[in-house]
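Chain by chain, the residues:
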Amino acid sequence: MNDWVEIGRLDDIPRRGARCVETPLGRVAVFRTASDEVYAIEDRCPHRGGPLSQGIVHGAEVTCPLHNWVFSLETGLAQGADEGVVRTFALKREGERIFMDATTVLAMAAE
Amino acid sequence: MKRKLVVIGAGMASGRMLEHLFEAEEQAFDVTLFGAEPRGNYNRIMLSPVLAGEKTFEEIVTHDAHWYAAHDVTCRFGETVTRIDRQSKVVFSKGGETPYDKLVIATGSAPFIIPVAGRDLPGVMAFRDLDDVNAMVAAAERPGARAVVIGGGLLGLEAAAALRARGMEVVVLHLMGHLMERQLDPAAGYLLQKELEGRGIKIHTKAQTKAILGEDRAEAVLLEDGTVYPADLVVMAVGIRPETRIAVDAGLDVERGIVVNDQMVSSDPDILAIGECVEHERICYGLVAPLYDMARVAARTLRGMPAAFRPVETATQLKVTGVNLYSAGDFADGEDREEIVLRDASAGIYKRLVLKDDRILGAVLYGDTADGAWFFDLLKKGTDVSQMRETLIFGQAYQGGGEADPMAAVAALPDDAEICGCNGVCKGKIVSTIREKGLTALDDVRAHTKASSSCGTCTGLVEQLMKLTLGDAYNPTTVQPMCGCTDLGHDDVRRLIRAKKLKTIPAVMQELEWKTSCGCAKCRPALNYYLVCDWPDEYADDYQSRFINERVHANIQKDGTYSVVPRMWGGVTSARELRAIADVVDKFNIPTVKVTGGQRIDMLGIRKEDLPAVWAELGKAGFVSGHAYAKGLRTVKTCVGSDWCRFGTQDSTGLGIRIEKFMWGSWTPAKVKMAVSGCPRNCAEATCKDVGVICVDSGFEIHFAGAAGLDIKGTEKLGLVTSEDEALEVIVALVQMYREQARYLERIYKWAKRVGYDEIRRQVLADKARRKEYFDRFVFSQKFAQVDPWSERVSGRDKHEFKPMAAIGFPQAAE
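Respectively, the protein sequence lines represent chains V and Z.
In terms of the UniProt record's numbering, the first sequence opens at residue 1 and continues consecutively.
In terms of the UniProt record's numbering, the second sequence opens at residue 1 and continues consecutively.
Hints are supplied without guarantee of correctness; some may be wrong.
SDA-like mimics (lysine to any residue), calculated; alpha carbons at most 25 Å apart, straight line [claimed, not checked]:
1) K515(Z) / A766(Z)
2) K522(Z) / R15(V)
3) K515(Z) / R27(V)
4) K558(Z) / R27(V)
5) K194(Z) / H204(Z)
Computed beta-carbon distance windows for the label pairs [claimed, not checked]:
6) L710(Z) / D3(V): 47 to 55 Å
7) K768(Z) / H47(V): 46 to 54 Å
8) A507(Z) / D36(V): 15 to 23 Å
9) D36(V) / T227(Z): 43 to 51 Å
10) D36(V) / E59(Z): 41 to 49 Å
11) G49(V) / G144(Z): 56 to 64 Å
12) A70(Z) / N68(V): 41 to 49 Å
13) V85(V) / K717(Z): 51 to 59 Å
14) Y543(Z) / H67(V): 18 to 26 Å
15) D12(V) / S795(Z): 17 to 25 Å
16) T592(Z) / D3(V): 36 to 44 Å
If you are wondering where the hints come from, they were derived from the structure by calculation, not from laboratory data.
We put the CB at the ideal spot given by N, CA and C, even for glycine.
Make a model of the complete structure from these sequences and hints.
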């Protein structure tokens, strides 16, 4: 069962940019690409903990602002020679409205 | 006693001849060089890129004043030789009589002007020298200006493409049925026409020009079929004829050109002739490779050494950015000939080989010209290609095993394969020179072998040879692509942004054929800077392409918090300011306060959400952003100068503050740190800064290109100026030159080393007009840059940056 919680509207996020959603698990970064796709990943680089929401967004990827690791927003996998992965979170859109599945957040928080 | 050598014509052929002549141990001649143009030898082939704005004239100068001086050449530029007296061995010019022992005529060619009414009207011009280019550039600057180019050959099309790139409406009139009919077959001509039409150039083939219309200047071109094309500019590019008038008057043997033997000697044994003005075995030459051969032969003849000029096959490439076209040999159809054709319409590729008796006779390549050199090599050697006929057209990579590696193709070339057609340099020569001289940079290879130094189309091949020879030791700094998204280097991108007037990041990516849809974290900040720098009033800064520090105007720290450095002009502060900082530190529980190397106070460990409130408090005390996070002007460090110091010679603090107030807010390729010291004891440490000033009794010594970071380097002295006003103007001009020329993230010391300290001194110190232009452009861009980013954000700009979008999963939010 999904528990879709509205987190905001598409316009709240700049194109090729990100906003954060606070959860009991920590921050989740919600990205909007140049072509208006939205993705949510953990806002924490597995390398040195950099806030991925602050990185430069290109295609469906983001470059960490601290040491330039690049992550796929779709899979959460580090790209290129670096090895690592960040959690991804399910989003859905209804028109301009964006929803996040709160069950994953709560379940992970309870782990 | 040296003999007297007089050379008439200071073009590419005579320039090359002099180079060969000066290679000798003993100089046998006193050289006097006459040139009709008021300048020395430059690479005329590259006028098209200059016209297109892709290169500057300075970049195509082959011999500068320094070179002529170093070789004791008496230069008589802008002085036309009017008569040769062969009896008394003297030439006449407006400067009087000049005697010679040996004379070389290298008068080149004159553009052919078709004999129609109106050909003498202002606005009708040829495309031959720098003056023509300057006149065309001026014509193109008028909005909506229209050009008609008569002649759809190599030169005409390069002119048309360049004028179009400068924004003119362009029509090309061509007498024949398809473009470049001497080099291309109809199919390739069609592809070329389609490409040029796609760029907005109108092509009219089978066009017979009847007259050029206009009262006081050219207004339109009328064709025999009645068509009229309005024109502010008419460019005649229908062909050239050898410039032989002076030889005819002197009674030398002249047919179409000045007749010479294999040793380049004319009918007078003391007069040689080389270049486009000569005729050898009934053939006149216009391409550069045979002209350079003539130059080599003439130099040997003058030195009394044996040499003979032999006709050579030549290949042609069109120098229009984005058009790949190669042709060589004879490609007419014939009974006894066969052809192999490959077409790929969607990729815009056309290749045609003409064969006779299993040997290549001609090759036309359009779209993919990578195998041009290989085909040309097979052609020149008359290699039997029957064994590889099936796969020949696919190129060298498909022969014997099907290696797809482009390096393999170059590796497989034989040592005598010609790499640089312009200068006749083969692979073996390049490889051996790289090894013997230990060359590692492209420019050095150009200097030592001449390969890739003329039209530049073989640059890629030369670089592959360098990679092949040097392996990982080759670091192609000059052509390193910006990033994986493009093959273009920073310099090319900057040049093309200006030439094509590209004003948005998507436009750059589209026009320069970026390989990714949206760039990456390397190229986007660079492009954003280039566009901010080049179009300060028109470009809308793309914050999503800026690194986080510049996006939120604070420095991100390892834990994701930020540090804030307010501006303290010249490093001077007050009790009121210090109190305000102390209050902010208390109010926001800022964990660390630190004095920086640039004489500022840094507050570290501020949460992002708190930034606007911190700035608001600081703003109340009069603080603005210190740009400690910016690729821009950081700090101007000062000492107390003549206000307090018993050694101080000038008001160093005042000058530092003045510079900082003038230049703050400007974006630069990398950070810029400055300092002003009040005397040579240099307490502000100005001699390791990007720009520094040392005050002395007689004025202000300006220094630049220092470094005290990853590299340590003392500054270079730019020069001494006498007033504060002049010091400011020179510093601003220097920084603007750097802003316009450097590669993103390249500090001043690296840029300066690359372009040369003397060149910078020349442009911002010696050349006052140039200095003023740089200064004015900086002042203009400051109108848009000097906005305090902190107060903007305090008043609400980008507020999404500083607070979360939502909170979910917490007990109260779950309801």
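Taking the hints in turn, this is what the structure says about them:
1. The straight-line distance between the Cα atoms of K515(Z) and A766(Z) is roughly 43 Å, outside the 25 Å bound, and the hint therefore fails.
2. Proximity of K522(Z) to R15(V) is assessed by CA-CA distance (about 18 Å); at most 25 Å being required, the pair is judged to hold.
3. The straight-line distance between the Cα atoms of K515(Z) and R27(V) is roughly 33 Å, outside the 25 Å bound, and the hint therefore fails.
4. For a cut-off of 25 Å, the pair hint linking K558(Z) to R27(V) stands: about 17 Å separates their Cα positions.
5. This hinted pair checks out: K194(Z) and H204(Z) have alpha carbons roughly 12 Å apart, not beyond 25 Å.
6. The hint said 47 to 55 Å for the Cβ distance between L710(Z) and D3(V), and at roughly 51 Å that hint holds.
7. In this structure, K768(Z) and H47(V) meet the distance hint of 46 to 54 Å, their C-beta atoms being roughly 52 Å apart.
8. Separation of A507(Z) from D36(V) is about 20 Å and conforms to the stated range, judged on CB atoms against 15 to 23 Å.
9. Between D36(V) and T227(Z) the beta carbons are some 49 Å apart, a value that agrees with the proposed interval 43 to 51 Å.
10. Here the CB-CB span from D36(V) to E59(Z) is close to 43 Å, well matched to the stated 41 to 49 Å.
11. The supplied range of 56 to 64 Å is met by G49(V) and G144(Z), whose beta-carbon atoms lie about 57 Å from each other.
12. Checked against the hint of 41 to 49 Å, the C-beta distance between A70(Z) and N68(V) comes to roughly 47 Å, which is consistent with it.
13. Distance hint check for V85(V) and K717(Z): the Cβ-Cβ separation is about 54 Å, which falls inside the suggested range of 51 to 59 Å.
14. Checking the proposed 18 to 26 Å range against Y543(Z) and H67(V) shows it holds: the Cβ atoms sit about 22 Å from each other.
15. Hint check: D12(V) to S795(Z), Cβ distance near 20 Å, so the stated range 17 to 25 Å holds.
16. A hinted range of 36 to 44 Å for the beta carbons of T592(Z) and D3(V) is consistent with their spacing of about 42 Å.
Taken one by one, the earlier hints fail for this structure at numbers 1 and 3, listed in ascending order.
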